[in-house]
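All chains, please: the whole structure from these sequences, using the hints.
In the order they appear, the protein sequences are chains A and B. Heads up, the first sequence is in the numbering used here, so the first residue is 1 and it goes up one at a time. Heads up, the second sequence is in the numbering used here, so the first residue is 299 and it goes up one at a time.
Zero decoy hints are in this set.
Capping the alpha-carbon separation at 25 Å, the derived lysine to any residue pairs in SDA-like fashion look like this:
{"no.": "1", "chain 1": "A", "residue 1": "Lys278", "chain 2": "B", "residue 2": "Pro362"}
{"no.": "2", "chain 1": "A", "residue 1": "Lys257", "chain 2": "B", "residue 2": "Pro570"}
{"no.": "3", "chain 1": "B", "residue 1": "Lys443", "chain 2": "A", "residue 2": "Asp282"}
{"no.": "4", "chain 1": "B", "residue 1": "Lys467", "chain 2": "A", "residue 2": "Asp261"}
{"no.": "5", "chain 1": "A", "residue 1": "Lys137", "chain 2": "A", "residue 2": "Thr17"}
Everything labelled a hint here was simulated from the structure, so no lab data went into it.
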Amino acid sequence: MLCSTAFATGSRAAEGTLVTEMVAPGIYIRRGVDEDASAANGDAIANIGFIVGGRAVAVLDPGGSLNDGLRLRARIREVTRLPIRYVLMSHGHPDHIFGAGAFEPDAPQFIGHARLPNAIAQRGEYYRKRLDALLGKGASGPAIVPTRVVTDQDRIDLGDRMLILTAHGVAHSDCDLSVFDPSSATLLPADLLFVERVPALDGRLKGWQKELTALRAVAALRAVPGHGPVSVDWPAGVRDLERYLDVLLRDTRAAVKRGMDISDAVASVGRSERDKWKLFDDYQGHNVTQAFKEVEWE
Amino acid sequence: MGMTRRLYMPIALFMSWGLSASYAAPAPDDEEAARAARWTDLQHALFADRPIRDGAGWMTIDAPARALDAALVPVTLTVKGDKPIKGIYLVIDDNPGPLAGHFIFGPQGDAHSLKLRVRVNAYTYMHAVAEARDGQLYSVARFVKAAGGCSAPAGADEQQAMQDIGHIKMRLMQPFVAGKPMEAQMMIRHPNFNGMQMDQVSRLYTPAMFIRTIDVSYDGVQVMHLDSDISLSSDPVINFGFVPPHKGQLKVLVRDTKDATFGQSFDVPAPPG
Chain A
1 MLCSTAFATG SRAAEGTLVT EMVAPGIYIR RGVDEDASAA NGDAIANIGF IVGGRAVAVL
61 DPGGSLNDGL RLRARIREVT RLPIRYVLMS HGHPDHIFGA GAFEPDAPQF IGHARLPNAI
121 AQRGEYYRKR LDALLGKGAS GPAIVPTRVV TDQDRIDLGD RMLILTAHGV AHSDCDLSVF
181 DPSSATLLPA DLLFVERVPA LDGRLKGWQK ELTALRAVAA LRAVPGHGPV SVDWPAGVRD
241 LERYLDVLLR DTRAAVKRGM DISDAVASVG RSERDKWKLF DDYQGHNVTQ AFKEVEWE
Chain B
299 MGMTRRLYMP IALFMSWGLS ASYAAPAPDD EEAARAARWT DLQHALFADR PIRDGAGWMT
359 IDAPARALDA ALVPVTLTVK GDKPIKGIYL VIDDNPGPLA GHFIFGPQGD AHSLKLRVRV
419 NAYTYMHAVA EARDGQLYSV ARFVKAAGGC SAPAGADEQQ AMQDIGHIKM RLMQPFVAGK
479 PMEAQMMIRH PNFNGMQMDQ VSRLYTPAMF IRTIDVSYDG VQVMHLDSDI SLSSDPVINF
539 GFVPPHKGQL KVLVRDTKDA TFGQSFDVPA PPG
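Shown next, in the form of structure tokens:
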């Protein structure tokens, strides 16, 4: 397998580079495939990329495996020689952050939500074992924990390019970090924004709706979803996700009100969204279960 | 798709993914033999030498064949007919504490339908064992594919549970008719820590603190007593039947392993609004 070979030789040389698209001046994004992680796709399933400023580069996110990160790093080096000072980790899911180890030689600040260290401590080891089982030993790279955390809002300066980092309330996950680049009016909300690929709820449904409402107010022209196309108009691009979450909440509330069991709710909630999202059948049952737990206590 | 699914889903779902290779294939004979031996051992441990008859035909145990969240697997136990039932045991063969619950029905109880949610640690058989008033035991089984539910870390909402611990809600699922059986849903805020979840900050295991017993009575007459264990999901939700002879009050008393008690009373029928 691709990355086990690279790792077994002890080499940090990336096996090639990856294809990025410039969504705004100096913002390069690789489109993740709309699949679940597999040996064939090497967990390169999330939209990841980097932002180039006047003096430094920031990575967001570092990728789904060590090899994904190495390939991203190789791509950065094709674009610029500026130092990679920041590696932003949008949340704790493996498809976004297991590439972080590829950037250790750059000695960057690894930045995440204040709850990200907890999320990594709770689940990191388990995710690591699963990824290694899927892609080969070492696929998840060395364990990286944030060296700097954001509790509310923070800024990093890439040189004539200030990025605003926002730590969100429990939404898609319990540690979502978004990035806004005012200089290009680009919002990078990572997995707070799913487009075309069915959203995955691992936090709090009503919290996610609330954070999206707040993000609508950001003066961005475009946004980079965590999954789906590399760029969508903002805020128009969030409408489908908002509709999905509204339907999930509405249908779940109706199911609870009618006295339905979780298993019956799983079979009936949100079916009107079924043809509108990729991988719907793989995730809907879990999303409904999460929503049900939340709503039944209202 | 089998092996390749769901890498970044929440842990409970994620845990089932690596095991899905065996999903399509029938279990090998030796595996089935090991499961049968396990159940034989459990029968001896729980019921000594008492014979257990097949309850198929009038008892059922329902659970999703493949759980969506191993920390919250819905289970429904039903009993048909008029055979007087003293109690029902729920056994999850391959859980660390296999006896998930023992329900005992009082004079005002109704054994016909029970619903609860459990944690499941590995692919396992679940057994429902009913004990008739004459002492005879009957069982039915169900195989469930789920894994990791016992050690799954507390989710965002389970952390909330600690703040609201002991809050109890009751919902009557049918209109009140004096003397007719009705179903009630009882919801209890309790994290039900089973000692297998790691505290993310201290890296120590969160000490076990789980619900030991739940007693439900109607105007002072017992409806149901539950001896529960570490397999009950956090924030337990239990649907049970009872027979209200007249308007009155359902009373719930919960006791956990720290000897904390939580109680609440509910009017039947529920007050309007």
